[in-house]
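Q: Sequence:
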Amino acid sequence: MIYVFCRAVVRGLFAILYRFESVGVHNIPSEGGVLICSNHISVRDPISVGIHVKRQVKFMAKAELFNIPVFGWLVRQLGAFPVKRGGVSKDSIKTALTILRSGEIMGIFPEGTRNSDATAAKRGAASFALRSGATVVPAAIIGDYKPFRKVKIIYGAPVDLSRFEGDKSPEALDGATELIMAKIHEMRASGKPTEN
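For the sequence shown, counting from 1, position 146 maps to 146 in our numbering; every step adds exactly one.
Treat the hints with care, as some may be off.
What the hints assert, rightly or not - Taking lysine-lysine pairs in the DSBU-like style, the calculated list, with each CA pair at most 30 Å apart, reads:
no.	residue 1	residue 2
1	Lys84	Lys150
2	Lys54	Lys192
3	Lys146	Lys122
4	Lys152	Lys122
5	Lys62	Lys122
6	Lys62	Lys152
7	Lys192	Lys152
8	Lys62	Lys84
9	Lys168	Lys94
10	Lys84	Lys54
11	Lys90	Lys168
12	Lys62	Lys150
13	Lys122	Lys94
14	Lys150	Lys192
15	Lys150	Lys54
16	Lys54	Lys122
17	Lys146	Lys62
18	Lys54	Lys94
19	Lys146	Lys54
20	Lys90	Lys122
21	Lys94	Lys84
22	Lys90	Lys62
23	Lys192	Lys146
Stated by the list, open to error - Across the chosen pairs, the derived CB separations fall in these ranges:
no.	residue 1	residue 2	range
24	Thr98	Tyr3	17 to 27 Å
25	Glu171	Ile16	39 to 49 Å
26	Ala182	Phe66	28 to 38 Å
These are calculated hints, taken from the structure and not from any lab test. This one's a predicted model, so the numbers in the text were calculated from it and none came from an experiment. Where is the CB? At the ideal position from N, CA and C, for every residue including glycine.
Taking the hints into account, I'd like the entire structure generated from these sequences.
A: Take a look at the structure:
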């Protein structure tokens, strides 16, 4: 399988280049829909989120990438699906919900763009989680991806969003988003996985 082969190769490269380490992988359920929510500091983050996870992690990617010969095919084989610039289309939303409802794993960056301070987040991640019923696992990437400096990803215990179930209001989405981001911030500050 292309994904398994590429993951093994990149895992080795990251171990050498960034002394890459993952902590708390056991917090990711072995089955069922899972939404991994992480801070976003680099274009390398999707790789970091997935290389130590046993199950394939799928991501949204800019639609333009899929038009590049060979590379576009490879990106699709690695589990990415296109999202148009300027906003998430109905097709992208449908694909994301299908992935989660069918018991697969999807990674997402609640901030929506690279943000070294992780100060703002959009409602998309919370919306996907509440609409699909997927388990939300917070993740924190720590490091700057400079050669031979350590980069670490921490996976926390699943976030309990039960208080927001069935509530489609903007306030519920904001509350769920804040809770997810709080867990990410906590791990960035402590360097340890969050607990239930």
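Q: Okay, which hints does this one fail, numbers in order?
A: 1
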